[in-house]
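Undergrad: Spelled out from the first residue to the last, the chains are:
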Amino acid sequence: MYKSVLTGREKEIFSLLIKNKTTKDIANYLNISEKTVRNHISNAMQKLGVKGRASAVVELIKLNEISL
Amino acid sequence: MLRQKILRKIYFTTLIVFILFILSSFTLNKNISNIKVEYQTNLSSIYLLDDNNYLLEVNIVVKENIMDSIPIIINNLKWGNRHYSGLKGIIPNDTKINNMSLEDGILSIDFNSELLNVNKNLEEKVIESIVYSLLKFKEIKGVKITIDGKALLTLPQTQISLDSILTKDFGINKQVDIQTMNNIQKVTLYYYEIKDQNHYYVPITKYLNSSDDKVKIIIDNLGNNYLSSTNLMSYLNDKIKIDNYEIKNNTVTLSFNNIVDLTSEKILEEVIYTLANSILDSTDFQKVVFTMDDHLLSIKTK
Numbered sequence: 001m002y003k004s005v006l007t008g009r010e011k012e013i014f015s016l017l018i019k020n021k022t023t024k025d026i027a028n029y030l031n032i033s034e035k036t037v038r039n040h041i042s043n044a045m046q047k048l049g050v051k052g053r054a055s056a057v058v059e060l061i062k063l064n065e066i067s068l
Numbered sequence: 001m002l003r004q005k006i007l008r009k010i011y012f013t014t015l016i017v018f019i020l021f022i023l024s025s026f027t028l029n030k031n032i033s034n035i036k037v038e039y040q041t042n043l044s045s046i047y048l049l050d051d052n053n054y055l056l057e058v059n060i061v062v063k064e065n066i067m068d069s070i071p072i073i074i075n076n077l078k079w080g081n082r083h084y085s086g087l088k089g090i091i092p093n094d095t096k097i098n099n100m101s102l103e104d105g106i107l108s109i110d111f112n113s114e115l116l117n118v119n120k121n122l123e124e125k126v127i128e129s130i131v132y133s134l135l136k137f138k139e140i141k142g143v144k145i146t147i148d149g150k151a152l153l154t155l156p157q158t159q160i161s162l163d164s165i166l167t168k169d170f171g172i173n174k175q176v177d178i179q180t181m182n183n184i185q186k187v188t189l190y191y192y193e194i195k196d197q198n199h200y201y202v203p204i205t206k207y208l209n210s211s212d213d214k215v216k217i218i219i220d221n222l223g224n225n226y227l228s229s230t231n232l233m234s235y236l237n238d239k240i241k242i243d244n245y246e247i248k249n250n251t252v253t254l255s256f257n258n259i260v261d262l263t264s265e266k267i268l269e270e271v272i273y274t275l276a277n278s279i280l281d282s283t284d285f286q287k288v289v290f291t292m293d294d295h296l297l298s299i300k301t302k
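One line per chain: the protein sequences are A and B, in this order. 1 is the number of the first residue of the first sequence in the numbering used here; add one for each residue after it. 1 is the number of the first residue of the second sequence in the numbering used here; add one for each residue after it.
For reference, chain A alone in the conformation it holds in the complex (with noise of 0.2 Å):
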């Protein structure tokens, strides 16, 4: 379930994620380490309730959160 609100940064990623971008491209393109990518991606699944990072793209897009 819908726990909170993602952050801009934790949205920026799965924005970048459904673009196909890599773990290492969004990492490289935001300057930010893969490990703190992978937090924030770890961080919006345990807000949003799910496991895996489709079924996160699945509540972001319901939730209009990102728009392709």
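If you are wondering where the hints come from, they were derived from the structure by calculation, not from laboratory data. Careful: at least some of the hints might be erroneous.
To be verified - A partial selection of chain B residues facing chain A, derived with a Cβ cut-off under 7 Å: (1) V118; (2) L122; (3) S161; (4) I178; (5) T180; (6) M181; (7) K186; (8) Y207; (9) L208.
Heads up, the beta-carbon is just placed ideally off N, CA and C, and yes, glycines get one too.
Chain B: place on chain A using the hints.
TA: Same frame as chain A, but now just chain B:
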């Protein structure tokens, strides 16, 4: 002798009556043909809910002036209004428009708080229904919804985010069918549903994984005849197919196979409507051209 006289009289009288009848019918026809029909109907489409919670397209009569038509649209979307085939409006009856204005193609519309006094599962559909119904007017490019003067940026029950200016990008009758993170695409496909022998268009915004371009996704999905696990059907089918398509200068040209029966104009009109709307709603292309055997059938623009 007397009998002959009587018969002659009857003959002449009948002849005169006949001549008078012919003359009078000419005059009458002339009068009828001189009557000009001044009555003009302005139609627009609204989106009403069916039993399966799909929003279906229904035509209603509106006014010539757009600002006079908007209250009619909103009124028809209220759930107290029953329409043909058991279709119903989706917004609460006590919803009121406090204010509205149209500037640079953006319709700002302020409602009272009753607008969102709906079941949680219908909250998003209220917005879809209003946005898609209002965007039927060419003059409206986007809709800005406020509640008692405050911008509506999150739906209170579902926590769904809303853009400050809503367009068809928001989607309608959404179906998320994503298996992986790769190649996620969004298209709006126009299907139809039969209720009480009437055909209603049903747009479905579908999220899916595909590496194809959107035009191909639309042709392939609509070519499947129906939408699985629903009672929605497509006008594209085994007989009516798209042979090929070309994208050039912001225009999509679709070529039908030559099985299409040109005498069956009604079917052709529906196929063209669903394909053109699916492409124009899902992409930035401005024009869709339909051909068959190099003959131009129809052109639809955004």
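Undergrad: State for each hint whether it applies.
TA: Here is what the structure says about each hint:
At its closest, the beta carbon of V118 of chain B sits 17 Å from a beta carbon of chain A; the interface hint therefore is violated under the 7 Å criterion. Violation of the interface hint for L122 of chain B is found here, the shortest Cβ-Cβ separation to chain A being roughly 15 Å, above the 7 Å cut-off. Taking 7 Å as the C-beta contact cut-off toward chain A, the hint placing S161 of chain B at the interface holds, the least distance being around 5 Å. For I178 of chain B, the suggested interface contact is upheld, since its CB lies about 6 Å from the closest CB of chain A, less than 7 Å.
A least Cβ separation of about 6 Å between T180 of chain B and chain A falls short of the 7 Å threshold, and the interface hint therefore holds. For the restraint placing M181 of chain B at the interface with chain A, the shortest Cβ-Cβ distance is roughly 5 Å, inside the 7 Å limit, so the hint holds. Residue-level restraint check for K186 of chain B holds (minimum Cβ-Cβ distance to chain A is 4 Å; threshold 7 Å). The restraint placing Y207 of chain B at the interface with chain A holds, with a minimum CB-CB distance near 6 Å, inside the 7 Å limit.
Contact between L208 of chain B and chain A, as hinted, is not supported at the beta carbon level, the nearest pair being about 11 Å apart and thus beyond 7 Å.
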